[in-house]
Amino acid sequence: MKDVRIRLASNDQTSPSQSVIGCIETLNQGREFLDTLTQEDYVFIPQPHFSSSIGEHFRHWLDLFHAIKLNPLKIDYNVRRRGHIVERSLEVVKQEISDLIEWALQLTSDELSQSVSVQTEVLLSQTHVEEVISSLARELTFATLHATHHFAMAKVAASLRGVDSDSYFGVAPTTATYQRAQ
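Per full-length UniProt numbering, the sequence shown starts with residue 1, numbered consecutively.
These are calculated hints, taken from the structure and not from any lab test. A portion of the hints provided could be inaccurate.
Unchecked claim - Here are the computed distance ranges between Cβ atoms for each label pair:
| no. | residue 1 | residue 2 | range |
| --- | --- | --- | --- |
| 1 | Gln39 | Thr108 | 34 to 40 Å |
| 2 | Leu73 | Asp164 | 38 to 44 Å |
| 3 | Ile45 | Ser135 | 33 to 39 Å |
| 4 | Leu124 | Pro48 | 18 to 24 Å |
Stated by the list, open to error - Simulated crosslink set (EDC-like; lysine to aspartate or glutamate; CA at most 16 Å straight-line):
| no. | residue 1 | residue 2 |
| --- | --- | --- |
| 5 | Lys69 | Glu111 |
| 6 | Lys155 | Glu40 |
| 7 | Lys74 | Glu121 |
| 8 | Lys74 | Asp166 |
| 9 | Lys155 | Asp166 |
| 10 | Lys69 | Glu32 |
| 11 | Lys74 | Glu32 |
| 12 | Lys94 | Glu32 |
In this text, a Cβ means the ideal position worked out from N, Cα and C, and glycines have one as well.
All chains should be modelled from the sequences, with the hints used to inform the complete structure.
Written out as structure tokens, the structure reads:
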């Protein structure tokens, strides 16, 4: 795993929180993976194994970050950008990841600890939105771990195209800890 360089947020003279550092590690991991792909790899749908492209998987997890960034006090995970250009353009997705890193670096410990309202659909059989209370740090952590889950699927899709990935790509932090202990 490559070393992640973290600079201090200009509005806070302390180091970023571990949640933010983990988020940035994951975002950088996604960006580095994208550097191994061609545009064709990014949009290819490896049927019958998958019904979505790597680009669609990236758009999906980026939508979670987008919802958090859009309204960090009232997060609506139902806001999705299906069909957005981020699904089809390596340049757009790389820029979006860079923008998220810059945003995350600006988050203060006060912002991360504040209570937030989270809305999300919870039923498959019918439309029902549940609203719960969380913290910004918890939701940032959720979005980060969800990205890792999609990285694992993107890694398989890339392998079907003959693209090799870093051994830690798509590996959850708890799994990495377990593997280091072995």
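Okay, which hints does this one fail, numbers in order? Violated hints (numbers, rising): 8, 10, 11; every other hint is consistent with the structure.
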